[in-house]
Amino acid sequence: MKHLSREALIDLLEETPGASGRAHLEVCRRCRKELEALGRALGDARAAEVPEPSPLFWPHLSERVRHAVDAEPAAGIEPARAAWWRSRGALSLAAAAVVLLVAAVVMIRVWSGGPSPSQAAAKVQPAAATAPAESHGMVVDEPWQLVAQAADGMDFDAASEAGMTVSPGSADQAAMQLSPAERRELTRLLEAELQRPVL
Amino acid sequence: MMEGIDQVWAGRIRPQWTVKVTSDDRPDRQASLAGLDDRGLVAACRAGHHEAFDVIVERHRRAVYRLCYRFVGNHEDASDLTQDVFLRAYRALRRFKGDSSLGTWLYRIGVNVSLNRVSARTLPGEPIEVRDQVPDGGDDPATALLRSERSARVRAAITRLPRKQRVTLILRVYHELPHQEIAEIVGGSVGAVKANFFHALKNLRKLLADEPT
Numbered sequence: 001m002k003h004l005s006r007e008a009l010i011d012l013l014e015e016t017p018g019a020s021g022r023a024h025l026e027v028c029r030r031c032r033k034e035l036e037a038l039g040r041a042l043g044d045a046r047a048a049e050v051p052e053p054s055p056l057f058w059p060h061l062s063e064r065v066r067h068a069v070d071a072e073p074a075a076g077i078e079p080a081r082a083a084w085w086r087s088r089g090a091l092s093l094a095a096a097a098v099v100l101l102v103a104a105v106v107m108i109r110v111w112s113g114g115p116s117p118s119q120a121a122a123k124v125q126p127a128a129a130t131a132p133a134e135s136h137g138m139v140v141d142e143p144w145q146l147v148a149q150a151a152d153g154m155d156f157d158a159a160s161e162a163g164m165t166v167s168p169g170s171a172d173q174a175a176m177q178l179s180p181a182e183r184r185e186l187t188r189l190l191e192a193e194l195q196r197p198v199l
Numbered sequence: 200m201m202e203g204i205d206q207v208w209a210g211r212i213r214p215q216w217t218v219k220v221t222s223d224d225r226p227d228r229q230a231s232l233a234g235l236d237d238r239g240l241v242a243a244c245r246a247g248h249h250e251a252f253d254v255i256v257e258r259h260r261r262a263v264y265r266l267c268y269r270f271v272g273n274h275e276d277a278s279d280l281t282q283d284v285f286l287r288a289y290r291a292l293r294r295f296k297g298d299s300s301l302g303t304w305l306y307r308i309g310v311n312v313s314l315n316r317v318s319a320r321t322l323p324g325e326p327i328e329v330r331d332q333v334p335d336g337g338d339d340p341a342t343a344l345l346r347s348e349r350s351a352r353v354r355a356a357i358t359r360l361p362r363k364q365r366v367t368l369i370l371r372v373y374h375e376l377p378h379q380e381i382a383e384i385v386g387g388s389v390g391a392v393k394a395n396f397f398h399a400l401k402n403l404r405k406l407l408a409d410e411p412t
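The listed protein sequences correspond, in order, to chains A and B.
Under my numbering, the residue at position 38 of the first sequence is numbered 38, and the numbers go up by one with no gaps.
Under my numbering, the residue at position 28 of the second sequence is numbered 227, and the numbers go up by one with no gaps.
Rather than coming from a laboratory, the hints here were simulated on the basis of the structure.
Careful, some of the hints might be misleading.
Calculated pairs, DSSO-like style, for lysine-lysine (alpha carbon to alpha carbon, straight line, at most 27 angstroms) [said to hold, decoys possible]:
| id | chain 1 | residue 1 | chain 2 | residue 2 |
| --- | --- | --- | --- | --- |
| 1 | B | 405 | A | 2 |
| 2 | A | 2 | B | 296 |
| 3 | B | 401 | A | 2 |
| 4 | B | 296 | A | 33 |
Using the sequences and the hints given, assemble the complete structure.
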């Protein structure tokens, strides 16, 4: 007599629809005993429960996963690019360089006799109302000083949160507008700035 | 204070305060994503909505934890492995094609992670953890304790099964995965999965019979 295959016994055990071999079981004691033993083992396995952890464990687990995931680059972004944008140091450095560049351009224009935005406006106002203050040889009026003070106290995070962002390529654009003499002066200023001790 | 504000407004003094506006609307966004199915959550996650992954974790954490527990037999390791499974899933989310369900994909990661962990250990020494079993309220303490011990013995016996038999038994009995999905996870045919299941049950019976009671 040919006995039931392992596959057929599993199908019978799980009561799979269309399982063959029921007729064989009626007449084969050995296969019947085999199936009963499998049934007992399955019962034992099913009865083995996993201990239920504390209800507080689940939110704690989610929190752990969230922290781990937050430290990862975003799922939909290429890792290298995401890592670059996550490098706040690099971003801050770039922003500081652009601010320095723009400030240098403005200073050069002031020294070379070009009008600052406030001076241009002052040309159409009475001289007494717009008397500029002199400071370190630079012509600085009051509104301009206020802007300079506000910018002085603002760090990159605060500027970023206030919605002031640096558009890509703006530093290049500013540099392209400089004359050769202005570029030389900018280089000198940047070098002098780099040599200043860090406080 | 008002005088200070007036002075700043008039440009006479420099502002000395920092104003930060922040909002924590993550729970709200998470709630709005909870209605999405797994496929939608994966798409939202890929589009940069981190909260979608929170929902995925919440939906599958129990099943993944229980799977890991079946392999390692203790809460601490199961907890670490569950975190690892989700972290790996997050990293690989761009590669998830959706050929299988998200649950099956997570199980596949869970099986690999768990097997790697238990491979690094000596399996016969696997502890039988009874201490953190929560007794069923319906049983008297003696019956509950006997049941806990019996469960622990069976779990320990399962950890002694050969690798493929163990995986097959765990996925079939406790997670009720179809044979076809188990075949996709462990590699092989449906026939091989049924044969593994057969041997797993026979060996489990033998291991439990050999144990001193």
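Against the structure, the hints:
no.: 1; hint: B:405 - A:2; in the structure: holds (25 angstroms)
no.: 2; hint: A:2 - B:296; in the structure: violated (45 angstroms)
no.: 3; hint: B:401 - A:2; in the structure: holds (20 angstroms)
no.: 4; hint: B:296 - A:33; in the structure: violated (45 angstroms)
Violation of the numbered hints given earlier is confined to hints 2 and 4; the remaining hints are satisfied by the structure.
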